[in-house]
Every structure is written in structure tokens, then in C-alpha cells.
Amino acid sequence: MNAHASLLPKLIAVAIIACVPLSGESFYIEIVGKVLVMAIFAMSLDLLVGFTGLVSFGHAAYFGIAAYAVALLSPQYDAASLWVVLPAAVALSALAAFVIGLFVLRTKGIYFIMVTLAFAQMAYFIFHDTPLGGGSDGMYLNNKPSAAIFGWEPFELTNEVHLFYFILAMMVLVYLFLARLLQSPFGRVLVGIKSNEHRMQSLGYFTFRYKLGAFTLAGALGGLAGFLYAVLFGFVTPELLSWHESGNVLLMVILGGMGNLAGAVAGAFAFEAMREIFADITKYWQLLMGSVIVAVVLFLPGGLAGVPGRIKRALQGGRPNE
Amino acid sequence: MDFASFLIQTLNSLQYGLLLFLVASGLTLVFGIMGIINLAHGSFYMVGAYLAFVLSSATGSLVMAIVLGIPLALVFGAILEWALFSHLYKRDHLEQVLLTYGLILIFEQLRSLLVGDDVHGVAIPAFLDASIQLTEVMSYPVYRLAISAVCVALAVALYYVIQRTRLGMMIRAGNDDRSMVESLGINIDMIYRVVFALGVALAALAGMLAAPISSVFPNMGSQVLIISFVIVVIGGIGSVWGALVAALIVGFADTFGKVLIPELSGIVVYVVMAVVLLWRPEGILKKG
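Which chain is which? The protein sequence lines are D and G, in order.
When you line the first sequence up against the numbering used here, it's residues 1 to 322, in that order.
When you line the second sequence up against the numbering used here, it's residues 1 to 288, in that order.
Treat the hints as calculated values from the structure; they're not laboratory data.
Hints are supplied without guarantee of correctness; some may be wrong.
[To be verified] Simulated pairs of lysine-lysine, DSS-like, Cα-Cα distance not exceeding 25 Å:
1) G/K90 <-> D/K194
2) D/K34 <-> D/K10
3) G/K90 <-> D/K108
Please build the complete structure, drawing on both the sequences and the hints.
Set out below in C-alpha cells:
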């Protein structure tokens, strides 16, 4: 990995994103903020799908649990402290992922895909059918958490520009954290598990623990994304945990090319941009979106991330890989 | 719970489970034989239900709608297999998930374009529109019994085709080892097309049969899809008989869950699935 060579484009991308609030348009600030939240979500899933080889089809559960946690933990007429609800929401998602991971990591392949889905569905129905979180109507987060520390407030989440930069900072931090983690011995073991779990076991690694660690961490980071989503929109519904959301985030990861953190971010941008653009041109955006997805799979194996390589090969006159 | 309501719920469980079996049997065959995860399988159920609505409004009879609808579904399935799914066999599961997810979006949007987003009712055929009196206040609709009967007949026919005919032999062989079947000179691509079309038709038929009971509404496919996946996984991927057992388990768990613990009814089925998979991580009957 030539991490340093590709540093400049990433810095430029972050700098461009950081300029969005200068437009002063609430619409753009909110929508780019949402994309950044989804980028965190996609990176957290990429840790499982792209690096550890665990295709989770229920990742929206951890997103939704943290989102509900903010809404449920915040007092009705007062703002909760950011420094309490943020760790609490993330910890709840991590705990849920840990417990679910103990069960689902016993299965492999297609079964793993389906069992993660089943657990996510359970979480979905708990919020959908019980009065805990307002049932199918969801609930409002009336007051965004306050960042005050002993009366001093470094920034205000009620201010859309402050909130935008808070989300951007979180996304950069998650990126740096995961990039560093993947270089660490722990991350190396995860990548080893993806390419050959049996070999890792015969090398003496207790792979279950590593997979559980990755699953819990991915749940926690997915929870961070869910927390930010709830704060950004001030509203949570059971649909945040639905399998459509799990499918969407999986799409972002695949579109960006799995096992590539910057790709996951790009995938989130591509997905949301497609959705916005298609929704703008026509109310039949799903038809266009679906057709693009089908075409990508049929004609572009390897996702959008494979496109530069294909162009390069085509220019060199070689045949593109099957 | 007194005996009459217990009987009613048992019959409902059977009917629901058997109907789910129609959807899940096609899904598990496509899964087991072709190794394809087909998220769009629920859409075939939806297509069936809408076919029932459109054709029965046009012809005035559900029976006519089913007679016309099944060949349409078979052709539809064969064309889909030829145009799209045949390109997916050697692909990664993730790409299959991706493509079939795209198909769901396309089918739902086309449905919205062609028929609209309203909920529609479909009339029960007149000769089945009756109820059997169980007690003074409770009765059971004949139509639901008819659904169960049709499903049982189809399950028996499926058993006969798979276990007793030459086609079934080739299907079972394809389930075990594709390249061996090919080297014996059997046209495996044709077998795949037949199985896929059959799966589409079974799911569509389930949708047609269910249309008068559940009515016809947007996103009805995704509900059935998820529950069918649960059945396929509980039963063991590729096992038609596992799917039958699992479908009945799910039918009973869901129906009695709704009666006994209404608040948590949504999660009962998934709890059952988790328990079964902890007990047998590869399903009740792995392949059969």
C-alpha cells in the first residue's frame, strides 16, 4: 500500500468538503453531512466485509441502536451532555454487537449473511412493535446534545455549521483510526483471516476472538454513525434498522470496492449522489438506480474501484480481466 | 385457549406454513443447485399477487387469473434466467446480492408505474366463498382450506418430480456436482433454466393464492422474502424437504406467536432461527 503517495488527493478531498459550509446553503450542508455520516457507517462495515471477510447483512442494527439510544437517553425538555450520550450510545451498540457476535460468528458463508440479517430483524421488530421507542412512528430528539464542559461550550451542535465540522472531524478520525488499526498486528490478523482462516488458526491464532473483536468494533463505529445521524436529523424511526439500510450500506461498500477505506467513503458519496441526482431527474429514481446497479454487476465486475484499472489495461492494449 | 380457537390457529399455521413453502422451495433450489442468493425472489411473489389482481379484474375470476398467470410466470422466469441470472453463476455471492437487490428496486418501481401504489383486494372465487361453522360464534373460511389443499398437492407433485422422474434425477445430480453432470452430456444450462422458471412460477402462484387473504400491496415481496430466507436457512440450503419442515415450524411459530405474545410476535420467528442455527449451524437437513 502506497499510503503516502495517495495522501494528497485525500487531503484535497477533505479540504473541498470542508468548504461546503461556505456556500451557506442549509440544504447542501445537511446533505453532505448525511453523506459523511454514511461514509463512517460504510467504513465500519468495510472493516468486516472488506478486511475480515465477514459479510454482515445486518449492520443497520448497530446504527439504529445508537440512534435510538440518543433519543431515549436525552431528557425531554433539556439537552443531554454530549460527553455522556455519545460514549453511552456507542457503548450500547458495541455491547449489542458483542453479544450478537458471540452467536453469529459460529456460522460461516451464506449462513453468516442470513443470521446477521435475522438478528438485525429482531432488533428492528423490538423497536417497531414495542412501545419502547414510540413503535413504528419512531421518536423525536427534541434537544441536540450540548458539548458544554463545566459551563464552557467549545462548539454547539445546534449550529448546523458546527455540527457539520464535528461530523467531518469524526469521519477523518474514524478513517485515521481504522487505517492505523489495519497496520497493527490486530489488523494484520484480520486480513489474514480473510484470505485463509485455517492458516491463521494453524499459526496459533484464536481467530474467533479476533473476529469478535472486529465485529464489536464495527458495531461501535456503526453506532457512532447512528449517533451522528440522530443528532443531524433529530428524528429516529425503526426504518433505520431495516434490512434496506443494511443493504444500502453494503452497496456503498461494494460500489467503492471492498477492502479500501477511501473507497468506502467514495462509495457513500457515489450512492447518495446517485440517489439525489436520480430523484431530481425523475420520481422513478429507483428504476434508474436499480438499472445502474444491474449494469455495474453485469459489465463492471469489481465495482467502481475497478474502473481505473480497466481503463489502464485498455490503454495498454491488454485484454480486461474477466 | 379453547379447542375451537386452537383448531383455527392450527389450521391457519398450516396454511401459512404451506404457502411459505411454495416460495421457499424455489428459493432453496436456486440456492442449492445454482449457488445463487436471489434477493429478488420475493418480487416474484409480489408479481404473482399483482398478476392475480390484474388478470382477475380483467377476466372476472381468480381461477382464470391463475390459469393464465402461471404460464406467464414460467416465461418470465425463463427470460430472466437467460438474460440476467445465467451470468451470475460463477460470480461472488456479494455480486449476486447486489444485482438482485437492484432488481428489487426495478420491479417495485415498475409495479408502481404500471399498477400504482394503492392497496387492492382480490375476490375469492364464488364456489370457495363459504365458511365451515365450528361453534356458534366461530367459523373457518373454506378458501384457506383450499389453499392448504393446493399447497399439499403441489408438495406431493414436487416430491414426485424430484424423486421419481428423469428431470428430478438431473436436478438432484446438479445439486451435488455440476461439472460431473455436464461431463455426462446433460445440458445443465437447460436444467438451470427449468428450475429457475419453476421457482418463479411457484413463488408467483403463492402470491396469487395469497392475494384474496392478504390483499395486494406495495412491498409485499420484501416481507415474504426475508421470511423465506429464514426458512431456507433453518431447513438447510438446497433441501426442499428441509424447507417444508422449516416452513411449517415458521408457520406455527409466527401464528401462535401472534396469538400468545402479540407485542413480541415479530421476533419469534427470528428467535426460532437463532436457536435452530445454534443447535445445527447448517440447518435441519443440510441437503437432501
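message: For D/K34 and D/K10, compute the direct alpha-carbon distance and say whether it is at most 25 Å.
response: holds (19 Å)
query: Does D/K108 lie within 25 Å of G/K90 when you go C-alpha to C-alpha?
result: With a Cα-Cα distance of about 19 Å, the restraint between G/K90 and D/K108 holds, given a limit of 25 Å.
Agreement of G/K90 and D/K194 with the hint, judged by alpha carbon distance not exceeding 25 Å: holds (20 Å)
Hint compliance for this structure: every hint is met.
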